[in-house]
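Chains as they are written, first to last, in my numbering: chain A, 98 to 533; chain B, 296 to 569; chain C, 68 to 404.
Calculated directly from the structure, the hints in this document are not laboratory data.
In this text the structure is predicted, and so the values were computed from the model without any measurement.
Every residue, glycine too, gets a C-beta built ideally from N, C-alpha and C.
There's no promise every hint is true.
[Stated by the list, open to error] For each label pair, taking beta carbons as the anchor points, the in silico distance ranges come out as:
id, chain 1, residue 1, chain 2, residue 2, range
1, C, A160, A, S510, 36 to 46 Å
2, A, T121, C, M161, 31 to 41 Å
3, C, L258, B, F324, 22 to 32 Å
4, A, N367, C, T270, 30 to 40 Å
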Amino acid sequence: MKLRSALLGACSVVALSGTALAETITIATVNNGDMIRMQRLAEDFTAKHPDIELQWVTLEENVLRERVTTDIAASGGQYDVMTIGNYEVPIWAKQGWLLELNGLGDDYDVDDLLPAIRGGLSVDGKLYAAPFYGESAMIMYRTDLFEGSGLEMPESPTWEFIGEAARKIKADNPDVNGICLRGKAGWGENMAFITALVNSYGGRWFDENWQPQFDQPEWKEAFQFYVDLMNEAGPSGASSNGFNENLTLFQQGKCAMWMDATVAASFVSNPEDSTVADKVGYAIFPDTGNGNHGHWLWSWNLAVPASSAKADAAQTFIAWATNKAYTELVAEKEGWANVPPGTRTSLYENEAYKEAAPFAEPTLAAMNAADITNPSVKPVPYTGGQFVAIPEFQGLGTTVGQLFSAALAGQMSVDDALAQAQNVATREMTRSGYIK
Amino acid sequence: MARAVSTRRKWIATAAAWVVALVIFFPIFYMVVTSLKTEPEAIAGISLIPSGTFENYVEVQTQRDYFKPFLNSVIISLGSTLIALLIAIPAAWSMAFSPTRRTKDILMWMLSTKMMPAVGVLVPMFLIFRDTGLLDTRIGLTVVLTLINLPIVVWMLYTYFREIPGEILEAARMDGATLMGEIVYVLTPMAVPGIASTMLLNIILAWNEAFWSIRLSAANAAPLTAFIASFSSPQGLFWAKLSAASTLAIAPILIMGWFSQRQLVRGLTFGAVK
Amino acid sequence: MHQPHKRLARSNYLPHPEVRAQRASKDALSGKSRRTIRNRNPARDPCHGYATNQNACPPDDGPAVVLLLIWMIVPLSMTIWYSFQNYNMLNPAMRGFAGFFNYVYFYTDPAFYQAIINTLFIVVGVLFITIVGGIALALLLDQPIFGQGIVRILVISPFFVMPPVAALIWKNMIMHPGYGVLADVSRFLGLQPVDWFAQYPLTSVIIIVAWQWLPFATLILLTALQSLDEEQKEAAEMDGANFANRFWYLTLPHLARAITVVILIQTIFLLAVYAEILVTTNGGPGYATTNLAFLIYRTALLSYDVGGASAGGVIAVVLANIVAIFLMRAVGRNLDR
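Could you put together the complete structure from these sequences and hints?
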């Protein structure tokens with residue numbers, strides 16, 4: 098009798114622990130430094146939640162995007178937590194593919210999220226993804242080179258000034274490129290920059306009737322400016338330079354100016370990787386005097402697909418990874434400079450962070466200035482700053498990006514590239530039923 | 296005199312062959328060298344002598360476990376090769392020894408389906424895999440790799456089997472051998488070199504297949520091609536680390552290739568040699 | 068029970084290789100068709116000698132071939148079905164029958180014609196480099212040299228490198244205009260470094276792909292070369308034929324079949340090249356490196372247009388078949404002895 102009940106007890110213990118252990122959630126994430134750090138620190142999570150096991154799928158950004166998109170659209174159900182951009186969130190949420198995040202816990206403090214970021218992740222006031230880190234764009238420039246050429250970066254530089262400064266510095270320092278900008282084809286590469294540039298020139302992708310606007314003077318003016326500037330003061334081989342290549346160029350002291358995502362600031366100011374760490378200044382993304390600074394806004398976010406069978410555990414994990422406590426955990430283990438930026442107001446009020454990160458203030462300013470609902474001075478039917486938040490943008494943006502990188506490489510004239518872009522965009526928008 | 300000339304000729308040929316071989320091998324060599332450099336060294340310009348750090352390998356391993364994808368690669372490439380051979384040997388046998396009027400057309404058609412870009416069938420395949428529960432399983436990947444390499448395997452075997460003189464079969468038949476008997480006792484032993492190199496070639500193709508193996512796997516079945524895809528970083532040019540990961544990914548198949556090159560070569564003729 | 072494998076030991080089942088070779092060449096000389104040769108050989112008779120009418124064979128070999136066909140047909144027919152559907156994964160509401168719209172849309176893509184031309188350029192360019200280079204290398208490796216084994220290992224190594232890795236190595240470490248080895252070399256020579264992927268994008272892709280396939284061609288050609296009768300070679304040398312003559316009249320004809328095989332196998336893979344393009348140029352600049360496979364990739368995994376990608380896949384298969392028919396006409400005869 099005794100033995101039997103003991104056995105039964107043992108069995109039930111095994112059964113209990115069995116069901117408890119069964120909760121394994123699969124997390125798909127990009128291989129950016131911040132996410133790899135999260136993976137490393139995840140022991141903290143499993144220590145606090147022994148009933149949840151984590152399984153990671155870490156991939157390069159483009160491959161990851163392909164995979165999670167295919168999975169969610171075909172309800173493959175392979176992932177419980179997906180890392181997606183603020184480009185996908187509103188599109189997917191409207192399709193009903195994402196779960197509303199309403200189980201993040203009482204201590205989560207949703208109101209602490211930066212308003213611009215939170216707005217981009219909400220549909221009808223409901224939050225569908227939690228931001229892991231966020232970024233806008235700004236100018237990073239070499240204070241020593243500016244001084245050497247007798248230049249001073251204004252409070253709010255215009256593109257005109259940038260163009261002159263780049264050419265002057267290039268003339269004064271033949272070994273240095275006056276400016277480095279993205280040229281590699283891709284909707285998230287050169288088109289992110291060019292879209293922000295055109296926004297600040299007063300242009301837009303589509304008018305209120307979804308007619309493409311590449312035939313408008315703003316595009317011609319902005320794109321011609323970009324091509325001329327890069328040819329005269331940019332690096333050779335610019336048409337294959339993306340964020341990475343420019344980062345390396347800047348870190349090696351080969352660029353006087355670089356306009357790109359604000360996360361770059363923590364890399365160029367890190368003396369371990371950067372030879373110019375102590376000579377970097379920051380300024381707001383240029384405009385044309387119209388107060389439009391491009392409205393670049395990006396965030397990497399964690400979301401739960403509607404097909405997940407383990408939504409509660411998934412939300413528990415998301416709450417851990419995007420809460421204030423995680424910020425403190427990173428600060429404690431790896432220092433304040435490595436904290437994922439751009440998601441919470443409280444971070445930018447933290448003195449320890451502001452001290453460790455000299456770029457904190459310009460980053461916050463840039464993020465607060467971004468308004469993805471009104472990216473252009475003219476009215477637009479879409480949202481999104483450096484992208485257009487419609488499903489067709491990935492394909493269309495990449496095709497247009499190819500044409501523009503050909504113009505940059507000198508294989509096509511600016512006018513041809515714009516005309517072909519207009520043609521391609523009209524075709525795609527007609528097919529997708531936007532243009533009736 | 297004649298001997299002196301031939302020795303000189305041998306030296307010239309040796310020098311030329313070595314130069315060409317080193318040029319061809321250089322990119323792989325340079326990748327291994329780069330994997331032993333520090334990151335700043337990796338982009339500091341050409342230098343063939345690294346500072347000899349193994350840090351990149353350690354970092355790669357801590358960032359993502361190597362052994363699970365390695366094991367998956369081994370299982371998937373061996374498994375798909377075995378299944379492909381099991382299906383292909385009888386098929387190629389009947390095509391080679393009992394050809395019908397359509398045999399050549401079928402062969403050509405099979406090969407031409409291989410010319411279809413895989414991505415065109417991605418979504419249909421994904422849906423089949425979802426419905427059969429094969430997503431992210433080794434079995435699923437094994438099946439799909441079998442499928443895509445099968446035409447090549449059948450064709451290779453077909454060309455070998457045709458090399459085998461029909462007289463042997465005739466003799467075996469007169470001795471009363473059954474169909475299976477013919478295959479098992481007569482045909483297969485004679486085709487061993489051919490089957491061996493078909494097998495090796497298929498292992499190489501399966502190991503290096505980088506489309507399906509990345510798209511139909513997630514956490515459980517991901518092979519080394521997916522391992523590589525997690526190292527090309529969007530934040531900085533980590534060439535040294537990427538080189539270390541790449542070296543790890545190609546090392547097993549490279550070493551296998553080196554050791555088995557004789558067998559591989561013997562059968563790689565596709566019946567091209569009379 | 069019989070033990071047929073034992074009988075293999077009896078050499079009289081096997082004609083002496085020389086006899087076979089002679090017989091084959093005699094048949095070739097007398098212009099006899101393959102069928103006459105085959106029919107003289109009962110074991111190759113389609114019906115094992117049981118019947119003479121080819122269409123009335125006992126279907127003993129059926130299952131394997133049928134299984135094979137099912138393997139092949141299922142994905143293909145699904146693709147054809149989807150190619151007539153309106154199906155964008157990101158816009159599930161718009162599903163329905165599309166007629167030929169997907170085909171028309173794919174065909175009228177501004178990149179379509181260039182994609183076809185680029186596809187052919189890649190195939191022809193890589194074939195040219197690998198065959199010419201492969202013959203040269205095979206001739207070189209066929210010479211008696213010191214360290215032959217190691218040289219051969221070095222030469223075949225690129226074949227074992229997975230395409231994305233090969234593309235990464237070339238893009239980052241060899242051809243990069245700033246940090247690549249070629250840039251360093253040209254700076255050392257006092258030249259302006261070439262920006263490969265901007266100035267010669269298609270050539271760069273061809274070089275990378277050719278590097279991967281050169282070992283394959285070399286191996287097959289070398290094996291064929293080594294089977295060339297040593298006596299024949301010496302006889303030609305005795306006759307005073309110089310190298311060029313020997314190569315043109317003896318070696319090259321001997322290699323014809325091997326070259327055919329290289330062309331056939333490589334074409335299959337080269338028509339579908341896309342990983343190298345994705346990693347290096349992303350199809351650009353412009354459409355300079357967009358081939359058919361990449362165009363389909365863009366439709367499927369950037370636009371998530373399943374219908375369009377399926378139509379592209381079907382178009383690719385049709386084109387591949389045209390290429391295949393053309394190939395069989397042009398070189399296929401070499402395969403039949």
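Going through the hints against the structure:
1. A160/C x S510/A: 36 to 46 Å: 40 Å, holds
2. T121/A x M161/C: 31 to 41 Å: Holds - the Cβ-Cβ distance for T121/A and M161/C, about 36 Å, lies within 31 to 41 Å.
3. L258/C x F324/B: 22 to 32 Å: 24 Å, holds
4. N367/A x T270/C: 30 to 40 Å: 38 Å, holds
In this structure, none of the earlier numbered hints is contradicted; all agree with it.
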